[in-house]
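Q: Given chain A, put chain B in place with the hints provided.
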Amino acid sequence: MTISPKHVALTGNLSPNPVIAAGDGSPVVFLHGPFGQEWPGFLEDLSATHRVFAPANPGAEEPADLELLDDLHDLVVYYDELFDELGLTEPFDLIGHSYGGLVAAEYAATYPRRIRKLVLIDSMGLWRDDQPVNEYVTVAPEVLQGQLWHDTTAPAVAARLAPSEDIAEAQAQFMKEYLSVASTAHFVFPIPERGLHKRLRRISSETLLIWGAEDGLVPSAYAQEFQSRIASSEVRLVQAAGHFPHVEQQEEVSRLVLDFLARTGGK
Amino acid sequence: MAKTIWFHMQGYRDLPKDFKQRYESSWVSPPNRELCDSEKVREYVNLNLDELEFADDMGFDGVGTNEHHANVYGFPIAPTLTAATLARRQSDAAICILGTTIPTTVTMRVAEEIAWLDCMSGGRIIAGQPVGSAMDTVGVGGIPPTQVRKRWYEGMELIRQAWTKPGPFPFNGKFNKLRNVNPWPLPLQDPHPPLWLAGGGSLETYDYAAKYNYAYSYLSFNGAKYAKSLMQGYWDVIEKAGLDDNPYRAGFAQFILVADTDAEAERLYAEHVENFYNKSMHIPPHFSAPPGYMSKQSLENMMLKTGTASPFLTKQDPTFKDAVASGAAICGSPDTVAEQLIDAIKDLRVGHLIALMQMQSMPTELTKMNTQLFAEKVMPRIRDIWKEEGYVDHWWPSGATRNADVAQTVAAGEAK
Chain A
0 MTISPKHVAL
10 TGNLSPNPVI
20 AAGDGSPVVF
30 LHGPFGQEWP
40 GFLEDLSATH
50 RVFAPANPGA
60 EEPADLELLD
70 DLHDLVVYYD
80 ELFDELGLTE
90 PFDLIGHSYG
100 GLVAAEYAAT
110 YPRRIRKLVL
120 IDSMGLWRDD
130 QPVNEYVTVA
140 PEVLQGQLWH
150 DTTAPAVAAR
160 LAPSEDIAEA
170 QAQFMKEYLS
180 VASTAHFVFP
190 IPERGLHKRL
200 RRISSETLLI
210 WGAEDGLVPS
220 AYAQEFQSRI
230 ASSEVRLVQA
240 AGHFPHVEQQ
250 EEVSRLVLDF
260 LARTGGK
Chain B
0 MAKTIWFHMQ
10 GYRDLPKDFK
20 QRYESSWVSP
30 PNRELCDSEK
40 VREYVNLNLD
50 ELEFADDMGF
60 DGVGTNEHHA
70 NVYGFPIAPT
80 LTAATLARRQ
90 SDAAICILGT
100 TIPTTVTMRV
110 AEEIAWLDCM
120 SGGRIIAGQP
130 VGSAMDTVGV
140 GGIPPTQVRK
150 RWYEGMELIR
160 QAWTKPGPFP
170 FNGKFNKLRN
180 VNPWPLPLQD
190 PHPPLWLAGG
200 GSLETYDYAA
210 KYNYAYSYLS
220 FNGAKYAKSL
230 MQGYWDVIEK
240 AGLDDNPYRA
250 GFAQFILVAD
260 TDAEAERLYA
270 EHVENFYNKS
280 MHIPPHFSAP
290 PGYMSKQSLE
300 NMMLKTGTAS
310 PFLTKQDPTF
320 KDAVASGAAI
330 CGSPDTVAEQ
340 LIDAIKDLRV
350 GHLIALMQMQ
360 SMPTELTKMN
370 TQLFAEKVMP
380 RIRDIWKEEG
390 YVDHWWPSGA
400 TRNADVAQTV
410 AAGEAK
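Those protein sequence lines, which keep their order, are chains A and B.
So for the first sequence, numbering that gives the first Met the number 0 puts the first residue at 0; every next one is plus one.
So for the second sequence, numbering that gives the first Met the number 0 puts the first residue at 0; every next one is plus one.
Hints were generated in silico from the structure; no laboratory data involved.
Accuracy of the hints is not assured; some may be wrong.
Said to hold, decoys possible - Per label pair, the in silico range of CB-to-CB distance:
| # | chain 1 | residue 1 | chain 2 | residue 2 | range |
| --- | --- | --- | --- | --- | --- |
| 1 | A | Ser14 | B | Lys176 | 27 to 35 angstroms |
| 2 | B | Pro184 | A | Pro140 | 43 to 51 angstroms |
| 3 | B | Arg380 | A | Glu164 | 27 to 35 angstroms |
To be verified - Subject to a maximum C-alpha distance of 27 angstroms in a straight line, what follows is the list of computed BS3-like cross-link-like pairs (lysine-lysine):
| # | chain 1 | residue 1 | chain 2 | residue 2 |
| --- | --- | --- | --- | --- |
| 4 | B | Lys176 | B | Lys210 |
| 5 | B | Lys164 | B | Lys149 |
| 6 | B | Lys320 | B | Lys295 |
| 7 | A | Lys197 | B | Lys176 |
| 8 | B | Lys295 | A | Lys175 |
| 9 | B | Lys16 | B | Lys39 |
| 10 | B | Lys39 | B | Lys320 |
| 11 | B | Lys314 | A | Lys175 |
| 12 | B | Lys376 | B | Lys320 |
| 13 | B | Lys176 | A | Lys5 |
| 14 | B | Lys149 | B | Lys295 |
| 15 | A | Lys175 | B | Lys304 |
| 16 | B | Lys367 | B | Lys16 |
| 17 | B | Lys149 | A | Lys175 |
| 18 | A | Lys197 | B | Lys173 |
To be verified - Pulled a few chain B residues facing chain A out of the computed Cβ check, cut under 8 angstroms:
| # | residue |
| --- | --- |
| 19 | Glu23 |
| 20 | Pro143 |
| 21 | Thr145 |
| 22 | Gly172 |
| 23 | Lys173 |
| 24 | Leu177 |
| 25 | Pro283 |
| 26 | Pro290 |
| 27 | Gly291 |
| 28 | Lys295 |
| 29 | Leu298 |
| 30 | Asn300 |
| 31 | Met302 |
| 32 | Gly306 |
| 33 | Ala308 |
| 34 | Ser309 |
All C-beta atoms in this analysis are idealised placements derived from N, C-alpha and C, irrespective of residue type, glycine included.
With the rest of the complex left out, here is chain A:
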């Protein structure tokens, strides 16, 4: 399903953010991974009962925005303004995948009172010398694909990986991924660890940590690393999934997230 983005204006010289939004219900924000903004079936599932917002990393559409954003501090402030513009005045649910998980965790640690519940999926942001997070910018495409997926022949995955046969469309795909990766690398290359471990203690919301058991980019050992630093957090390991468990095991991840968001009280 294709939903046209709504361009949300920001102040200063920043260009509008092309936020994809759909559904009705309590608000959920999804921050995408390094390869670009998307509206996967997982978000479609959430939008049945929630108002889902999927913004783009700044600079992914208009690289000049990166001139105005030097580091993660600037980025967190950027998102705070965007969330205001989206009308998120009450605490809301925040989901981040991969690089987007790093950004979501930084945001939640900076503005803990704005977040109702937090979901991190195969999140970057921490570092262990014995389990290094792999490289996604300067890496051969075939090596990267091997790290991202449990099964590249599964229909959901194969459909994502197949380039369009239409040249103009294929070029647009290439450009989108090029600019998206560039805009995320701008903040975290070459090591996506910028001191988050010191700040995670500030996260006060209940947090669900979802990990693909076979993630070759951000190994599942990081699930425990996040859990040990976030007071109220739980881990759900998803079997037969790599770096995109919400794509490879969409049904299971959608259920996990919807149950978690619906639950009231403690664990």
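A: For chain B alone, kept in the frame of chain A given last:
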């Protein structure tokens, strides 16, 4: 007169035959403990310096050195290191540093080191400042691709100020926060050594060269024919900026291989040419063009030109015959080489020829033979180019006085 700089890339001369099959890349990731033997490097480094000194003795207008890291075809690290050994020699040749990689270096250190070298050498330094390849800046240096050019712009501004504004003064950059910019010493040349730019055809660098009236050198291993449209782009920018068409604004790099006859040249050099293009040019797009290193506009242009979904095409290795036919390597008898070079220099309108005469695997005796034949039989013919027009080289170091008598004679002739 067109000037010739004998340029050494200082590569690793012995690589396994199946290098390309076994390793991902010639740059950034070729594993050091498998491939780089320090005993051999001890030998190479001294050969490299011998060859540079030999070229100096052979009467080249300048000798040149550059910076690359973890790269099989050249890993000279800091060009100021090589330049320091050359600066100590009694010589009147220019020392061309082309150049230091500002985005990955402490910029003030570059300003200070070059000033020191300029004093040491008696004002013979050319301070080349390329933006830096993605392999060096992103792959090895760990700079986010989107920040490479920004760091370069800021570094250039800092160096320019450091050499022209009385110190101490504060400099508040994004990447350089300094309370006391006050380099000791200042360069010997007044106001400072000529700043040269270098690149592979990016439009932003042409604009910068025009804005600050700096010389620009086109560096590639593809030869003059390939360079033609790109250099024309440069000259168009210069013209649009209202600057003159002085050929000393421009330089270009060229592989040059000379022997007594064309057949002898093929016999001596073919294996080294093929070795270079097979091994040294084995650089995958994920290192040469990581996302963000090239601007959105440049990528759009590239897509338009190539008409493919992924514009970073991998090329077939040229054979010796391909390399000669395309002009990537100018190879043959002194006559053959002189004719092709004269055409190339005139066609591209360059005043500075950066002669690449040691091609990675070439042994030192062959390198010296090549150098000597060129100096004796080709260089005198190149000197005549741009002679009659009487252009003045404003981009040459004032202390590098070699062949200045030739230039002065030309200027005197012009004055009459």
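Q: Going back to the hint list, which numbers does this structure go against?
A: 3, 6, 10, 13, 22, 24, 30
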